[in-house]
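Visitor: Could you build the full structure based on these sequences and the hints that come with them?
There are 2 protein chains.
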Amino acid sequence: MNITIDREILLENLNVISRGLPNKSPMPILTGIKMEATDTDLFLTSSNTDISVEVLINDVSLKITEPGKTVVPGKQFIDIIRIIGAKKVNLLLDENNSLIIKGDKSEFNLKIMDYMDYPNIDFVTLENPLTLESSELKSIIRETVFSTAQTEKKPILTGVNFNNKDNQLVITATDSFRLSQKILSIDSYQDFNITIPNKSLDEMSKVLDSYEGKISLYFSSNKLLLKYKNVLFQTRLLDGNYPDTSRIMPTNFPIIIRFNRDELLAVVERVSIMSPKDREKDRETTSNVIKLTIKKDRSIEISTTNNILGSATEEITPTDIEATNAISIGFSSRYFIEALRSFMSTEISISLSGEIRPFIVRGDYDANLTQLILPLRMD
Amino acid sequence: MNITIDREILLENLNVISRGLPNKSPMPILTGIKMEATDTDLFLTSSNTDISVEVLINDVSLKITEPGKTVVPGKQFIDIIRIIGAKKVNLLLDENNSLIIKGDKSEFNLKIMDYMDYPNIDFVTLENPLTLESSELKSIIRETVFSTAQTEKKPILTGVNFNNKDNQLVITATDSFRLSQKILSIDSYQDFNITIPNKSLDEMSKVLDSYEGKISLYFSSNKLLLKYKNVLFQTRLLDGNYPDTSRIMPTNFPIIIRFNRDELLAVVERVSIMSPKDREKDRETTSNVIKLTIKKDRSIEISTTNNILGSATEEITPTDIEATNAISIGFSSRYFIEALRSFMSTEISISLSGEIRPFIVRGDYDANLTQLILPLRMD
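From first to last, the protein sequence lines stand for chains A and B.
Read left to right, the first sequence gives residues 431 to 809 (my numbering).
Read left to right, the second sequence gives residues 431 to 809 (my numbering).
Hints in this document: simulated from the structure, not taken from any laboratory.
Be aware that one or more of the hints could be misleading.
Just so you know, same-sequence chains aren't split out, so a pair can sit in one copy or run between any two.
Claimed, not checked - Derived EDC-like pairs: lysine to aspartate or glutamate, alpha-carbon spacing no greater than 20 Å straight-line:
| no. | residue 1 | residue 2 |
| --- | --- | --- |
| 1 | Lys725 | Glu785 |
| 2 | Lys518 | Glu442 |
| 3 | Lys541 | Glu752 |
| 4 | Lys541 | Glu525 |
| 5 | Lys629 | Asp469 |
| 6 | Lys653 | Asp480 |
| 7 | Lys636 | Glu693 |
| 8 | Lys535 | Asp692 |
| 9 | Lys541 | Asp509 |
| 10 | Lys653 | Glu693 |
Note that the structure is predicted; figures quoted are calculated from it, not measured.
Guide: This is the structure:
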């Protein structure tokens, strides 16, 4: 193998490839990046147990003098290309099992790994894509993934469920204490019901960060493949049936309050100083509860009381209120803050069914996004 | 206690106080901040086992309606003052063992701690100060503290030694593998020989960060007190005699090479990618060695060879060289990078006595600062 390529083009593609690279792996070969230069193209591949990424480079700056294939230590190769001082770099596979990387003044000699050890990565066949906008998928991830479970108690809940029925795509995430739901009308496509691991969605979001445009999704029974530009990003899917959450959503709301989102967020963040951060293990305790109270005079108070630290209270004026009675409802401050942050709208509404019923948050300009939070018992 | 004060003034002082506040402590009371309002002044105090800090506030915005004293949970009090929306805050001690903190719209009720539990902090008597510029002390810390030992194998080496004799102050830090030394002529002052814990110096440096001006140092047998503006910052000293390092410094250098500092640093940082980071436990191994070679034609090469990863080589042109013979010397890349970064000079010189003798680095404009590094055996 002997190729020359623009350093920045190579680095840009390596940044995508790095999303599939494990820090450590029970299979050491997977800490390497597979490189394959054909007569015309350079392929780079990375994979951990959940995610596989492949890029095809055929940039005008690419000159392949001699095709070839190898596996190089991933982290070090990326570090070298990042720091090497040069507009163009030359990559030459020598007979001593090294990749020689030449810049303007520096020369690196990187020992290669055994190409034969690299497992065969099966990418889903590129047939029958579902097409979305990159911005749509990024919004979905931002609006839902934070509600997935962080522990493996119920593994299926560590993923986000995508359920398409009659071209209505319902996206759901829940950790049993709160739920995020987004509904999207999509182009005509067959029904599917899959659950994507939260970590894969985080990486997908990073990979798509600077890309605006169409993306294609391809499905198999246990994998999802995302294709855009010259990139294939594949993730495994979670096994098992996602629980039916349709009956959790309340339908009747005697109380609806509207707030300026930023103002409400600031008040809640201030009051939360006195409610110690949620920890997985004490999610069901009341130590992190804040309280929203509608008083008889329809004024609204956010407050918290803590046996150890003390208490905090702040009044806030809603932009609108429909309420037939006074009410006081307690809930996790962190869940509420995360839910509020998921909206782009300046105006949000909180709809309540009662003190011990889940309540929901919606945004004026965030169509079809619902955040649901279960109340917590108060002291 | 009932006082009103400008929020920003209080916060600025709390940021200083936070330097003495432990995250955790075997004495829970020390996680609190001691507050004492006299008729005219507000005193704030914090302390962990090594460092104690006290500030005296008598800002024009301070109004003391009722003097008093208490201890409040430190982290929460600072968080509240940081986030509370208000130009002025009111602090009121109520009869229910709470400090009520009022801003414009929010009210916090912070449970206080038992004032009687707070230990008496003995500050060194404010007599006979040694006066320095804040910038001088900050430079000393930046130039030496990184060379202190990070493990407790020889506890005295975790500190920086300040040895004053006949008004010549010699400051030394070493972890046995490298040594930083700075010599300073000071105003007439009695001889002293003290060793200050590295962590205390780090905190001292942060406290002084935005302060330019005179500082006063006061000494006792086991403590050092730093005073500036309205702040007292006290640290314990390390017990024991600091080793005599005077004989380590070579005096005869047949080879002196001069470099542009930034250029040399960039080359070393690039080549170091192939020399895995030092770790305390393998400091004496050769796995992290880089090599400086003067060839027969007086050209200079920085290189590294690594059994696992491969190798890297880069040529660099010195700005000047005096050398009677070719030489190749190996040393820790991290130590060399840290030494180079300690200089402000654009031009630095490396003086060598031989392949197995310590070498020193000096900067053209960093008067009286010497960085010494022991060579490592090469493969």
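Visitor: The structure should be examined with respect to each hint, and the outcome stated for every one.
Guide: Evaluated hints:
| no. | hint | in the structure |
| --- | --- | --- |
| 1 | Lys725 x Glu785 | within (14 Å within a copy, 82 Å between copies) |
| 2 | Lys518 x Glu442 | within (14 Å within a copy, 50 Å between copies) |
| 3 | Lys541 x Glu752 | neither (69 Å within a copy, 36 Å between copies) |
| 4 | Lys541 x Glu525 | within (11 Å within a copy, 72 Å between copies) |
| 5 | Lys629 x Asp469 | neither (36 Å within a copy, 58 Å between copies) |
| 6 | Lys653 x Asp480 | within (10 Å within a copy, 56 Å between copies) |
| 7 | Lys636 x Glu693 | neither (29 Å within a copy, 34 Å between copies) |
| 8 | Lys535 x Asp692 | between (53 Å within a copy, 16 Å between copies) |
| 9 | Lys541 x Asp509 | within (14 Å within a copy, 51 Å between copies) |
| 10 | Lys653 x Glu693 | neither (42 Å within a copy, 49 Å between copies) |
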